[in-house]
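Required output: the full structure, derived from the provided sequences and hints.
In the order they appear, the protein sequences are chains Z and C.
Using the UniProt record's numbering, the letters of the first sequence map in sequence onto residues 1 to 292.
Using the UniProt record's numbering, the letters of the second sequence map in sequence onto residues 1 to 292.
Wrong hints could be hidden among the right ones.
Stated by the list, open to error - Straight-line alpha carbon distances no greater than 30 Å define the calculated DSBU-like cross-link-like pairs of lysine-lysine that follow:
1) K204/Z to K37/C
2) K122/C to K274/Z
3) K37/Z to K147/Z
4) K186/Z to K204/Z
5) K37/C to K147/C
6) K204/Z to K274/C
7) K204/Z to K214/C
8) K274/C to K37/C
9) K204/C to K122/Z
10) K147/Z to K122/Z
11) K122/Z to K274/C
12) K186/Z to K122/C
13) K186/Z to K214/Z
14) K214/C to K204/C
15) K186/C to K204/Z
16) K122/C to K147/C
17) K204/Z to K37/Z
18) K214/Z to K204/Z
19) K214/Z to K204/C
20) K186/C to K204/C
21) K186/C to K214/C
Source of the hints: derived by calculation from the structure; they are not laboratory data.
2 protein chains.
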Amino acid sequence: MRNFSDSHEWLSINTATLRRQEGREVPLLDILDQCAKQGVRAISPWRDQVAAAGLAATSRAVRSHGMALSGYCRGGMFTYTDAPGHLAARSDNRRAVDEAAELNAACLVLVVGGLPGALAGKAAYTDITRARAQVEEGIAELLEYAKGAHMPVAIEPLHPMYAADRACVNTMEQALDICDRLDPGKTGALGVAVDVYHVWWDPKLREQIARAGKSRLLAFHVCDWMTPTTDLLNDRGMPGDGVIDIPLIRGWVEAQGFAGYSEVEIFSQDNWWKRPGAETLATCIERHRSAV
Amino acid sequence: MRNFSDSHEWLSINTATLRRQEGREVPLLDILDQCAKQGVRAISPWRDQVAAAGLAATSRAVRSHGMALSGYCRGGMFTYTDAPGHLAARSDNRRAVDEAAELNAACLVLVVGGLPGALAGKAAYTDITRARAQVEEGIAELLEYAKGAHMPVAIEPLHPMYAADRACVNTMEQALDICDRLDPGKTGALGVAVDVYHVWWDPKLREQIARAGKSRLLAFHVCDWMTPTTDLLNDRGMPGDGVIDIPLIRGWVEAQGFAGYSEVEIFSQDNWWKRPGAETLATCIERHRSAV
Numbered sequence: 001m002r003n004f005s006d007s008h009e010w011l012s013i014n015t016a017t018l019r020r021q022e023g024r025e026v027p028l029l030d031i032l033d034q035c036a037k038q039g040v041r042a043i044s045p046w047r048d049q050v051a052a053a054g055l056a057a058t059s060r061a062v063r064s065h066g067m068a069l070s071g072y073c074r075g076g077m078f079t080y081t082d083a084p085g086h087l088a089a090r091s092d093n094r095r096a097v098d099e100a101a102e103l104n105a106a107c108l109v110l111v112v113g114g115l116p117g118a119l120a121g122k123a124a125y126t127d128i129t130r131a132r133a134q135v136e137e138g139i140a141e142l143l144e145y146a147k148g149a150h151m152p153v154a155i156e157p158l159h160p161m162y163a164a165d166r167a168c169v170n171t172m173e174q175a176l177d178i179c180d181r182l183d184p185g186k187t188g189a190l191g192v193a194v195d196v197y198h199v200w201w202d203p204k205l206r207e208q209i210a211r212a213g214k215s216r217l218l219a220f221h222v223c224d225w226m227t228p229t230t231d232l233l234n235d236r237g238m239p240g241d242g243v244i245d246i247p248l249i250r251g252w253v254e255a256q257g258f259a260g261y262s263e264v265e266i267f268s269q270d271n272w273w274k275r276p277g278a279e280t281l282a283t284c285i286e287r288h289r290s291a292v
Numbered sequence: 001m002r003n004f005s006d007s008h009e010w011l012s013i014n015t016a017t018l019r020r021q022e023g024r025e026v027p028l029l030d031i032l033d034q035c036a037k038q039g040v041r042a043i044s045p046w047r048d049q050v051a052a053a054g055l056a057a058t059s060r061a062v063r064s065h066g067m068a069l070s071g072y073c074r075g076g077m078f079t080y081t082d083a084p085g086h087l088a089a090r091s092d093n094r095r096a097v098d099e100a101a102e103l104n105a106a107c108l109v110l111v112v113g114g115l116p117g118a119l120a121g122k123a124a125y126t127d128i129t130r131a132r133a134q135v136e137e138g139i140a141e142l143l144e145y146a147k148g149a150h151m152p153v154a155i156e157p158l159h160p161m162y163a164a165d166r167a168c169v170n171t172m173e174q175a176l177d178i179c180d181r182l183d184p185g186k187t188g189a190l191g192v193a194v195d196v197y198h199v200w201w202d203p204k205l206r207e208q209i210a211r212a213g214k215s216r217l218l219a220f221h222v223c224d225w226m227t228p229t230t231d232l233l234n235d236r237g238m239p240g241d242g243v244i245d246i247p248l249i250r251g252w253v254e255a256q257g258f259a260g261y262s263e264v265e266i267f268s269q270d271n272w273w274k275r276p277g278a279e280t281l282a283t284c285i286e287r288h289r290s291a292v
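And the structure:
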């Protein structure tokens, strides 16, 4: 297991972590400048932030800072109720691949979608098996396109509390079953993003990380589970402040040969998003060394 | 699958559902009277409610109403940090068995506990594997005692969002693995409580219900998953108001031979607990017929 205690060369900042600073939305290019200033070598930006900054401008900024992208957030949301919805999801995901390629991302991360409409408050149907079938079909289609762009695709199993509205792929085992069916040769074109927040509770986590192996471990995300957790989405903790044994899980992932970035992704409405960005970033660096 | 549409003879009311009415705490014996008045044949009371009403008085009331207990809520909370904590958990669980027996409950439901201290805000340790070992040891000990009292014990896998603070048994598969180890003969002394709220998202739910079989399906609980869910604990929905396909899951359970009560258990700080009890109860009955 790599020693992170004296350097943050393997730290990546998911830009959602710094999206809000002192309660205000901060433009992506400013976030990149902040990261560069503190010696961060990698980021993982969100599509809406890139769209606001402009893809070309983002690409130039990334290159001029000499930064890597540990991933691109995010493709997915494959579920639909009608043919136009199906087509829209398909084209949107292809654009996400193109953007990820332009930014030279290590992978496109997929949040696969839940019951269509649920995120807006009203599910159009409640058959989660149907949603899962649509997701697998969507990934299969996208995979062909992504292979053409040489862009690896990482399924991110989301915590089961997001099954209804954000992602109906909820365990590593389920994600890897999909990988086995769609990429039986383990080519590296399809894999998983392991986010400790989503999977730490899983009694089968260790065995499923081993099952994934190096070729399917495409990304590693960290934050912490707070007790109490006051919000289902935006109360994620800084590594070390909650109950997840992050070094244990990182050890399992690295034992498989994973040698990429450890990406800090924190949504924190009432804590970190209210603080100055420099403080949040300095804390990410410190905790990367001491708690990851 | 039984037809519930024209009767509520197989409805049980978990008394937490009526614990608060119009924002006020209501005594257990009043709740029993309300249930009896609307023809409810079974309940599942909580220990704190029974303690407040008195065990003997509760027992008399249950008998005089001719009511069954679909279960008794709850034993568990097996995790500990020191020997006194270990002993306290053991004696408390034995008392829970005695109370369940006095009330002639169908089973004692176990919420097994999470990381010790986490429910109060600060986990004493973060090794969930250790917590799981303590839980299994606790169940093993309790099982011997419960057998002596002829009281079946039902492990309730809780939603993974409760893994830190309430229960580190989070899937049917995990609960049934414990059952296999502690009661390989499937004697009926140990099984599971299937609460759709906790397990609806699980891609392996159908196969694990089949694996459980009749001898291990000891209780069936219903409520609904709302979108959005605004609170991790107390925003559970009335059957039919959320996204869970309850009849589908009941069909799977009954296909194994389960023929017990369907127990409505709703914690709802901002909705049902604010309404008059008669309205909540009438809605439970109506939804038992139309949405369960």
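Here is what the structure says about each hint:
no.	hint	verdict
1	K204/Z to K37/C	47 Å, violated
2	K122/C to K274/Z	23 Å, holds
3	K37/Z to K147/Z	35 Å, violated
4	K186/Z to K204/Z	21 Å, holds
5	K37/C to K147/C	35 Å, violated
6	K204/Z to K274/C	40 Å, violated
7	K204/Z to K214/C	26 Å, holds
8	K274/C to K37/C	21 Å, holds
9	K204/C to K122/Z	25 Å, holds
10	K147/Z to K122/Z	35 Å, violated
11	K122/Z to K274/C	23 Å, holds
12	K186/Z to K122/C	42 Å, violated
13	K186/Z to K214/Z	10 Å, holds
14	K214/C to K204/C	18 Å, holds
15	K186/C to K204/Z	24 Å, holds
16	K122/C to K147/C	35 Å, violated
17	K204/Z to K37/Z	40 Å, violated
18	K214/Z to K204/Z	18 Å, holds
19	K214/Z to K204/C	26 Å, holds
20	K186/C to K204/C	21 Å, holds
21	K186/C to K214/C	10 Å, holds
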